[in-house]
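**Student:** Guided by the hints, dock chain B onto chain A, whose structure is given.
Number of protein chains: 2
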Amino acid sequence: MVKLKSKPILAIDVGGTKIRLALVSDDGTIVSSKQYPTHADKGYQEVIKRITNGIEQIVIDSKLSLHDIRGISVAAAGIIDSRNGIITTSPNLPDWKDIPLKDILVDSLGLDVYLMNDANAAALGEYHAGVGKGIKNLVYITVSTGIGGGIVIDGELYTGTDGCAGELGHMVIEADGPQCKCGNYGCLEILASGTAIAREAQKRINQGDKSLLSNLVKSCEEITARTVSIAAKKGDLVAIEVINKAAYYLGIGMANIVNIFNPEMIIIGGSVSKMGEMLLKPARKVVKQRAFNLPTSSVSIVRSHLSDDSGIIGAALCFIENEAENCR
Amino acid sequence: MVKLKSKPILAIDVGGTKIRLALVSDDGTIVSSKQYPTHADKGYQEVIKRITNGIEQIVIDSKLSLHDIRGISVAAAGIIDSRNGIITTSPNLPDWKDIPLKDILVDSLGLDVYLMNDANAAALGEYHAGVGKGIKNLVYITVSTGIGGGIVIDGELYTGTDGCAGELGHMVIEADGPQCKCGNYGCLEILASGTAIAREAQKRINQGDKSLLSNLVKSCEEITARTVSIAAKKGDLVAIEVINKAAYYLGIGMANIVNIFNPEMIIIGGSVSKMGEMLLKPARKVVKQRAFNLPTSSVSIVRSHLSDDSGIIGAALCFIENEAENCR
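Protein chains in written order, with my numbering: chain A, 65 to 392; chain B, 65 to 392.
In case anyone wonders, no lab produced these hints; they're calculated from the structure. Note that the structure is a prediction, hence the values are computed from the model and not measured. Incorrect hints may appear among the rest.
[What the hints assert, rightly or not] Listed next, the in silico SDA-like pairs over lysine to any residue satisfying Cα-Cα at most 25 Å (straight line):
1. B:K352 x A:G149
2. A:K309 x A:N279
3. A:K352 x B:K352
4. A:K349 x B:P242
5. A:K352 x B:E220
Bound conformation, chain A alone (with noise of 0.2 Å):
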């Protein structure tokens, strides 16, 4: 059994392509961990289920039972009324409208349950935890199977009027663009996320472009973000290209984020950010040639120091503030 000195908190992060699940304790330490597929494309009841097993299989392997946890605090992927609970859309978990998972999970385990934004939950977790601790004014933006995003002012998570804010992965950047999953044109996630990376590297091996990539996979729709970045390291040159252009959309959302905001500081997580400075080093670059100089030279761009972790700790993080006063 788990030996914690008061009750754990089960966070679980919801994304568009896995689930994590942990028992968090009051100071922000994961004590266990657990990983699922989303499988986001069998519907929104296959994908709650899987929530609840897992929920059951971590609080079991724990040597725990329902009783011995705190509250339940989910991040998810998507545009969610906190409020209320509600998943109201999710690009990436295309049938959720209006699921009310807050109230579902209330009734099935009859614990506390705090819902929040995934991105939401990361910048706080790194604002507390990780590189960002101390930065008072900080984006966080996470590049993975979409993107999203979350912004801390003056030290707190800026949520908006329906606590719904920092969804920068659907600014607009090619106005006339290619259609993003949420509805709208040129989104920076329909660009530079890691379904963009592999959709690029899909088309260029499909027009016949030599590359590595075609070795590394039996099939051409086998290609993930992840094959791009493995290509790249060796050198592949369409896999560097693919990158390169992700990182010139990528810097020119950042660039907007630094002539709109003016941060200290700016937090890439996700996936796709474990390519590092392949990624950073050319979005970078284009920020320097587009955002103006002053708060250009301001501000510091860096990776996720707590990784897949962030949206875990921030989101316990957060069912803490929210039993005191709400989590606004």
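**Tutor:** Same frame as chain A, but now just chain B:
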């Protein structure tokens, strides 16, 4: 002589096209005002001369002396380093590069001087005395020669790390669009400002499009956003199309703001906003099509109430705040 309970503040709004000066009392009431063309093309020294001449003139006309003035608050278009009182750069005042305007005015007038961004001043003016009164989270956009922005969060102006946040006009919405005066490409300003409207209308006439616009001016170069507005009101199709195009881009910029800030209100000010619903109606439609439903349903998109005075009033109020605590 003007009768006032206490010394008035001399507030000055320096835009790309005109300089407005006003004596403002503590409570934000404009006692008297004057306006001059900026003549930015004649160079910054000439503009500064016009500012100081304007100051002398308004003081003389009000039968006051400089000793009767509490201080000077300048709201200028550009990237302002408020802490040091420097205009670092200004897309619509082309040769203004690191001009220490505060020190120049202090030296020549011997009064306290505060320097801030014009759209920030206007946002604050609308929040304290205009249509945004009591709206804790609002975004102000000025559409004029250029496009500027001011962000009010939790009832306070958000100015970022260096005091230059809110450059909403220099948010890229067309990655490979035309080059903006700021050096960046596809900025909202180059696509939807008054200058953009005039340029587009001139292009249409030069292409040989038949339009009332040709009757309203002696030569095509004389067409301004105002001319376009007049022609559109008379039902001129070319003028209406030109305004719709600007509204399309303004709508995309506002959709971005809705997705990023989830604000309660977006206030549109600046000379071009005087077109009213002709510009705002199609722009609102674009927001509805492009931004997420939840934040779209919460936001009011309205015209400035203080019109040309919002910057002046905001600058004066910020001077008072700054006297007390350095206006952030």
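**Student:** Check the hint pairing K349 of chain A with P242 of chain B against an upper bound of 25 Å on the C-alpha distance.
**Tutor:** Holds. K349 of chain A to P242 of chain B sits at ~20 Å (cutoff 25 Å).
**Student:** K352 of chain A and K352 of chain B: Cα distance at most 25 Å?
**Tutor:** 33 Å, violated
**Student:** Holds or violated: K309 of chain A and N279 of chain A, Cα atoms, limit 25 Å.
**Tutor:** 22 Å, holds
**Student:** Taken at face value, is the distance from the CA of G149 of chain A to the CA of K352 of chain B at most 25 Å?
**Tutor:** 24 Å, holds
**Student:** For K352 of chain A and E220 of chain B, compute the direct alpha-carbon distance and say whether it is at most 25 Å.
**Tutor:** 29 Å, violated
Of the hints listed earlier, those the structure fails to meet are numbers 3, 5, in rising order.
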